[in-house]
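Spelled out, the chains give:
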Amino acid sequence: QKEVEQNSGPLSVPEGAIASLNCTYSDRVSQSFFWYRQYSGKSPELIMSIYSNGDKEDGRFTAQLNKASQYVSLLIRDSQPSDSATYLCAVAVNTGNQFYFGTGTSLTVIP
Amino acid sequence: DGGITQSPKYLFRKEGQNVTLSCEQNLNHDAMYWYRQDPGQGLRLIYYSQIVNDFQKGDIAEGYSVSREKKESFPLTVTSAQKNPTAFYLCASSEQGRRGEAFFGQGTRLTVV
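From first to last, the protein sequence lines stand for chains G and Z.
For the first sequence, my numbering begins at 1272 and goes up steadily by one.
For the second sequence, my numbering begins at 5 and goes up steadily by one.
Calculated from the structure, these hints are not laboratory results.
Values in this document were obtained by computation on a predicted structure and should not be read as measured data.
Be careful, since some hints might not be right.
Claimed, not checked - Heads up, simulated DSS-like pairs for lysine-lysine below, C-alpha to C-alpha not over 30 Å straight-line:
1. Z:K61 with Z:K74
2. G:K1313 with Z:K75
3. G:K1313 with Z:K13
4. G:K1313 with Z:K61
5. Z:K61 with Z:K87
6. Z:K74 with Z:K13
7. Z:K87 with Z:K18
8. G:K1313 with Z:K18
9. Z:K61 with G:K1338
10. Z:K74 with G:K1313
11. Z:K13 with Z:K75
12. Z:K61 with Z:K18
13. Z:K61 with Z:K75
14. Z:K87 with G:K1313
15. Z:K87 with Z:K13
Claimed, not checked - Far from chain G, some chain Z residues (derived; all Cβ distances over 10 Å):
16. S11
17. F16
18. G20
19. E28
20. V56
21. E66
22. G67
23. K74
24. T115
25. V116
Every residue gets a Cβ at the ideal spot worked out from N, C-alpha and C, and that includes glycine.
If we strip away everything but chain G, and leave its shape as in the complex, we get (with noise of 0.2 Å):
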């Protein structure tokens, strides 16, 4: 199984502060990475892909890329306590039509 490593938490923020959430993994060829958010009794929803080096931004949330670390991060800028979640990283590789879950980081936002 390609490795896919999150710290599991958990992590508090206040309110209106930034979120930092990092996923390291381990298999070199991996191409596509994902953030997916799952409520506490719910079921994944995606909210961030990332392709390419660098930063993308899709309004408070930045993924950010580095293939040579092999590290992709989610930012949350002023978070807000509807952003408590698990946040799961999903890593896709370039053979067979499997994609890759981290074990997932809590984030509480404390009002």
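Use these hints to put chain Z onto chain G, whose structure you have.
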């Protein structure tokens, strides 16, 4: 509305019994997946299918079986050979060539009683 539907939401299985979890999608997606989620272990891939009548084992396929007779449907059977089936099961689908951009069903929580 387009989406992916899993049923039932909750399922109780007696030891030694086979049970089948349903997954239906109307997104016209070619690829479908089954994941198992245990606390603290993220999502682990059980089986996936890229086209009708074809499927491949994931990392934890032992004790499970699937079929893909229709593009819309990808049922998962948890057999009596699966020794620890209590978990949250998630079905997902994606467009061919857009793996990783998956839509998930609401999940089935299976409990052995």
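Handout entry: Contradicted hints - numbers only
Key = No hint contradicted; all consistent.
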